[in-house]
Amino acid sequence: MFTPEMLESIKKVEATRPGRMGMEPKRMTADEKDALLKAYHPDYREDGFAEIQIGPNKGQKAPAELTHLLHSNSRLLHTQVDLDKIDYDVDVLVIGGGGAGASAAIEAHAAGANVMIATKLRIGDANTMMAEGGIQAADKENDSPVQHYLDAFGGGHFAARPELLRRLVMEAPDAIQWLNRLGVMFDKDSEGTMVTTHGGGTSRKRMHACKDYSGAEIMRTLRDEVLNRKIPVAEFTCAVELLKDEKGQVAGAVLLNLETEDYLVARAKTVILATGGAGRLHYQGFPTSNHYGATADGLILGYRAGAPLLYQDTIQYHPTGVAYPSQIFGALVTEKVRSLGAMLVNVEGEAFMHPLETRDVAAASIIRECSDRKKGVTTPLGSGVWLDTPMIELLGGEGTIEKRIPAMLRMYLNYGIDMRRQPILVYPTLHYQNGGLEIGGDGFTKAIPNLLVAGEAVGGIHGRNRLMGNSLLDIIVFGRNAGKAAAARAKEIVLGTANLDHVEAYAEALSAAGIATGDVSPLLLPKYARHER
Amino acid sequence: MENMVNVYFFGKKYSVPADLTIMTAMEYAGYTLKRGCGCRHGFCGACATVYRIKGKNELKTCLACQTQVEEGMYVASIPYFPTDKRTYEIEDLKADQRVMMELYPEIYSCIGCNACTNACTQNLNVMQYIAYAQRGEFEKCAEESFDCIGCGCCSVRCPAGISHPMVGVLARRLTGKYIAPESAHLNKRVEEIHEGAYDSLIEQIMQKPITEMQELYNTREIEK
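Chains as they are written, first to last, in our numbering: chain A, 1 to 533; chain B, 534 to 757.
Check before you lean on any hint, since a few could be wrong.
[Unchecked claim] List of simulated lysine-lysine pairs, BS3-like, C-alpha gap at most 30 Å:
#	chain 1	residue 1	chain 2	residue 2
1	A	Lys188	B	Lys710
2	B	Lys627	B	Lys593
3	B	Lys627	A	Lys205
4	A	Lys484	B	Lys627
5	A	Lys33	A	Lys188
6	A	Lys38	B	Lys741
7	B	Lys567	A	Lys85
8	A	Lys527	B	Lys567
9	A	Lys188	B	Lys593
10	B	Lys741	A	Lys446
11	A	Lys205	B	Lys710
12	A	Lys403	B	Lys618
13	A	Lys375	A	Lys58
14	A	Lys12	A	Lys403
15	A	Lys403	B	Lys721
16	A	Lys527	B	Lys673
17	B	Lys546	A	Lys403
18	B	Lys567	A	Lys230
19	A	Lys33	B	Lys673
20	A	Lys403	B	Lys567
21	A	Lys140	B	Lys710
22	A	Lys403	B	Lys741
23	B	Lys567	A	Lys205
24	A	Lys230	B	Lys546
25	B	Lys721	A	Lys12
26	A	Lys484	B	Lys618
27	B	Lys673	A	Lys26
28	B	Lys757	A	Lys188
29	A	Lys140	B	Lys673
30	A	Lys140	B	Lys587
31	A	Lys230	A	Lys403
32	B	Lys546	A	Lys188
33	B	Lys545	A	Lys403
34	A	Lys403	A	Lys38
35	A	Lys12	A	Lys26
36	A	Lys527	A	Lys33
37	A	Lys230	B	Lys721
38	B	Lys618	A	Lys527
Keep in mind the hints are simulated off the structure, nothing from the lab. As the structure is a prediction and not an experimental result, all values here were calculated from the model.
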């Protein structure tokens with residue numbers, strides 16, 4: 001139910017719609033994009049960041065909330081955990097039960113390793129499940145992995161690590177084939193040709209999808225496969241610290257049963273951190289499209305154990321989060337809505353930008369429209385711009401929305417808004433952590449020889465911005481690779497005695513730098529409970 | 534003054550702002566959620582919930598993250614339900630009717646009460662997709678169940694003890710793997726890459742200086 005002011009503005013959107021139908025708003029030049037980002041993208045807001053004062057990335061900046069956690073001590077610092085009492089003893093410990101973790105576990109298992117998953121919530125409680133729009137792969141005649149490389153490299157501001165990006169694009173078709181053979185139902189025509197669309201910043205239509213439940217369809221298939229293989233999954237069991245040995249290797253992790261609050265010890269020859277993103281840290285006060293557990297836990301664990309971060313200062317704000325109604329504030333409105341033809345329109349009904357610019361440019365442009373240009377639509381929680389969804393039905397025919405983006409339709413219908421008839425209000429939402437722990441092309445951290453990272457916890461695959469559809473791709477490509485590499489490495493590893501000395505050393509470094517936050521990290525769960533006293 | 538409503542979490546009364554969802558209302562009341570909270574945006578099924586409005590007989594099912602609170606709402610969450618997933622080797626299955634008979638025989642005990650459909654938080658026609666599964670019409674079952682998020686409310690209400698979401702997953706995997714046509718262009722590209730057709734091209738682009746990459750990127754042709 002829209003407010004009277006919103007309904008007035010909708011009339012303007014409707015009035016300009018026929019004129020906008022035939023036109024394509026002009027794309028920005030490289031210089032225009034640079035200037036826009038510097039002026040309006042949240043990554044350029046100095047006060048949103050703080051300098052990291054200890055560890056491998058000392059002197060660099062990170063979002064203030066992340067720096068705070070990096071500057072906090074382990075909850076195990078003054079806690080006695082008997083490391084000789086081993087609860088789990090495995091070749092490969094996968095921390096995280098999302099798409100990357102599940103892919104890794106399946107491949108490690110296929111390679112014959114003794115593998116387990118420990119995950120904070122349930123297997124599948126992950127950003128993977130919520131990815132709507134699709135997954136990229138250059139598998140059409142007019143496309144190639146080289147073209148995919150160019151799009152991703154440019155879209156990421158030429159900062160991606162070439163050896164990582166190479167793997168991403170070269171193994172993309174294989175990832176799609178692997179998923180398809182596991183039974184993922186991709187959108188295809190009757191001949192078997194994949195139905196593919198554009199995403200922001202793509203030069204070819206290479207976005208594969210499973211309606212707008214792409215991530216959910218992938219995740220529930222991977223979860224089913226993990227369970228079929230009887231891979232042990234410890235749910236509601238989060239890692240609170242990595243274990244190391246006297247050789248500087250990781251030796252497993254200390255886990256916490258979230259419900260009983262008992263600690264458990266997992267000994268492992270290799271560890272894969274697949275803990276996902278950080279949206280629930282709400283950088284700069286933004287709402288988030290992320291799941292409840294996205295609190296950057298893996299970054300904290302890895303950093304404390306000595307693994308460096310890369311591009312930890314670049315965050316993706318998805319341009320189209322829900323701005324209204326407040327019950328779903330910050331929820332993702334898939335980019336596919338724009339792929340299917342919906343334009344971004346301001347309060348006056350003007351299309352103020354090309355709808356398929358990259359995400360960082362689109363987010364900055366919306367923020368400019370709502371701030372300095374004062375052409376946003378006022379909402380109870382701030383402001384937003386229109387995403388002119390009725391255009392999709394006009395362009396693709398009646399029923400297109402129900403067929404191609406049923407989750408979006410359902411989400412809005414819950415609150416009495418029919419996006420087939422009326423436009424919807426959007427504003428940027430905290431969506432993705434571009435940076436993370438640094439890895440080499442083989443998936444291992446450079447500092448620790450048997451520690452791997454996969455999925456959103458990795459930094460460097462995408463550079464300083466990520467294209468739509470390259471995240472679902474990266475969790476599969478790098479998840480699978482990590483599983484295979486860990487299984488192989490486990491055969492060579494001889495573990496020493498597990499210890500938590502690095503936790504002590506970290507505490508000393510904090511103390512020497514005069515830092516005392518009074519909090520412990522990783523955060524594990526966001527603090528949403530309101531307490532009157 | 535905010536518009537407040539009275540809700541009852543597990544029978545205990547709380548006064549909460551009327552514009553909250555059940556999930557955010559629980560947090561407003563002071564709960565730190567561990568179970569019963571997942572994606573918070575209607576995709577994961579973690580927050581299956583049953584409620585009844587005081588004075589009304591009807592028992593309703595919903596997702597706590599997608600449902601606004603109402604006055605007099607008596608709420609209980611169902612953070613876990615023992616649905617019964619059968620294990621199988623997907624490579625060894627065939628997409629014929631016997632698969633369901635062997636793995637999920639209880640679907641043939643469906644009494645047609647439609648409680649599953651009435652309970653579905655996604656408004657799916659659950660009983661219909663179970664009927665398709667009974668008949669071995671996996672593609673139809675897959676399509677009808679596609680938007681299932683696995684909250685399990687259907688199974689909670691089923692007198693025959695059917696684990697509907699698990700039946701849907703199996704039907705979709707059979708459809709995706711065995712029934713939907715193969716993608717020739719995909720298989721061709723995978724083969725080309727394995728044969729090394731792009732090795733030198735990707736090496737070349739990786740070696741290019743940034744200025745050249747910028748030029749290439751800014752002038753690249755974009756498919757209409």
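Now for the hints, and whether the structure bears them out:
Between Lys188 of chain A and Lys710 of chain B, the direct Cα distance comes to roughly 13 Å. Compliance with the 30 Å bound is thereby established for this hinted pair. Between Lys627 of chain B and Lys593 of chain B, the direct Cα distance comes to roughly 38 Å. Violation of the 30 Å bound is thereby established for this hinted pair. Taking the CA atoms of Lys627 of chain B and Lys205 of chain A, the gap is near 33 Å; set against the 30 Å cutoff, the hint is violated. For the hint pairing Lys484 of chain A with Lys627 of chain B, the CA-to-CA distance comes to about 28 Å; that is within 30 Å, so the pair holds.
A C-alpha spacing of about 35 Å is found between Lys33 of chain A and Lys188 of chain A, which places the hinted pair above 30 Å, so the restraint is violated. Restraint check for Lys38 of chain A and Lys741 of chain B: the C-alpha separation of about 26 Å stays at or below 30 Å, so the hint holds. At roughly 27 Å between alpha-carbon atoms, Lys567 of chain B and Lys85 of chain A fall within 30 Å of each other, so this suggested pair holds. Among the hinted pairs, Lys527 of chain A with Lys567 of chain B is consistent with the structure: their alpha-carbon atoms are about 11 Å apart, no more than 30 Å.
Taken as a hint, the Lys188 of chain A and Lys593 of chain B pair is broken in the structure, with Cα atoms around 37 Å apart against an allowance of 30 Å. For the suggested pair Lys741 of chain B and Lys446 of chain A, the alpha carbons sit about 25 Å apart, so the restraint of at most 30 Å is met. Between Lys205 of chain A and Lys710 of chain B the CA atoms are separated by roughly 24 Å; this keeps the pair inside 30 Å, and the hint holds. Of the supplied pair hints, the one linking Lys403 of chain A and Lys618 of chain B holds, its CA atoms being roughly 29 Å apart against a limit of 30 Å.
For a cut-off of 30 Å, the pair hint linking Lys375 of chain A to Lys58 of chain A is broken: about 41 Å separates their Cα positions. For the hint pairing Lys12 of chain A with Lys403 of chain A, the CA-to-CA distance comes to about 28 Å; that is within 30 Å, so the pair holds. Under the criterion of a C-alpha separation no larger than 30 Å, the hint pairing Lys403 of chain A with Lys721 of chain B is consistent with the structure, at around 29 Å. The suggested pairing of Lys527 of chain A with Lys673 of chain B is violated, with an alpha-carbon distance near 43 Å, which exceeds 30 Å.
Among the hinted pairs, Lys546 of chain B with Lys403 of chain A is inconsistent with the structure: their alpha-carbon atoms are about 42 Å apart, more than 30 Å. As the CA atoms of Lys567 of chain B and Lys230 of chain A are separated by approximately 25 Å, the hinted pair is consistent with the 30 Å bound. As the CA atoms of Lys33 of chain A and Lys673 of chain B are separated by approximately 46 Å, the hinted pair breaks the 30 Å bound. Proximity of Lys403 of chain A to Lys567 of chain B is assessed by CA-CA distance (about 34 Å); at most 30 Å being required, the pair is judged violated.
Using a Cα cut-off of 30 Å, the hinted pair Lys140 of chain A and Lys710 of chain B holds, with the two alpha carbons roughly 20 Å apart. Straight-line distance between C-alpha atoms of Lys403 of chain A and Lys741 of chain B comes to about 42 Å, which puts the hinted pair past the 30 Å bound. Of the supplied pair hints, the one linking Lys567 of chain B and Lys205 of chain A is violated, its CA atoms being roughly 40 Å apart against a limit of 30 Å. Under the criterion of a C-alpha separation no larger than 30 Å, the hint pairing Lys230 of chain A with Lys546 of chain B is inconsistent with the structure, at around 43 Å.
Distance hint between Lys721 of chain B and Lys12 of chain A is unfulfilled; the C-alpha atoms sit about 49 Å from each other, more than 30 Å. With a C-alpha separation of about 27 Å, the suggested pairing of Lys484 of chain A with Lys618 of chain B holds against the 30 Å cut-off. Note on Lys673 of chain B and Lys26 of chain A: the hinted pairing is violated, with a Cα-Cα distance of about 43 Å set against a maximum of 30 Å. The suggested pairing of Lys757 of chain B with Lys188 of chain A holds, with an alpha-carbon distance near 20 Å, which does not exceed 30 Å.
This hinted pair checks out: Lys140 of chain A and Lys673 of chain B have alpha carbons roughly 28 Å apart, not beyond 30 Å. Only pairs whose Cα atoms come within 30 Å are accepted, and Lys140 of chain A paired with Lys587 of chain B is rejected, the gap being roughly 58 Å. The straight-line distance between the Cα atoms of Lys230 of chain A and Lys403 of chain A is roughly 35 Å, outside the 30 Å bound, and the hint therefore fails. Restraint check for Lys546 of chain B and Lys188 of chain A: not satisfied, since their Cα atoms lie roughly 51 Å apart, outside the 30 Å limit.
A hinted pair counts as satisfied when its Cα atoms are at most 30 Å apart, and Lys545 of chain B with Lys403 of chain A does not qualify at roughly 42 Å. Restraint check for Lys403 of chain A and Lys38 of chain A: not satisfied, since their Cα atoms lie roughly 39 Å apart, outside the 30 Å limit. Distance check on the hinted pair: Lys12 of chain A and Lys26 of chain A sit about 21 Å apart at the alpha-carbon level, within 30 Å; holds. Between Lys527 of chain A and Lys33 of chain A, the direct Cα distance comes to roughly 36 Å. Violation of the 30 Å bound is thereby established for this hinted pair.
Restraint check for Lys230 of chain A and Lys721 of chain B: not satisfied, since their Cα atoms lie roughly 33 Å apart, outside the 30 Å limit. For the suggested pair Lys618 of chain B and Lys527 of chain A, the alpha carbons sit about 34 Å apart, so the restraint of at most 30 Å is broken.
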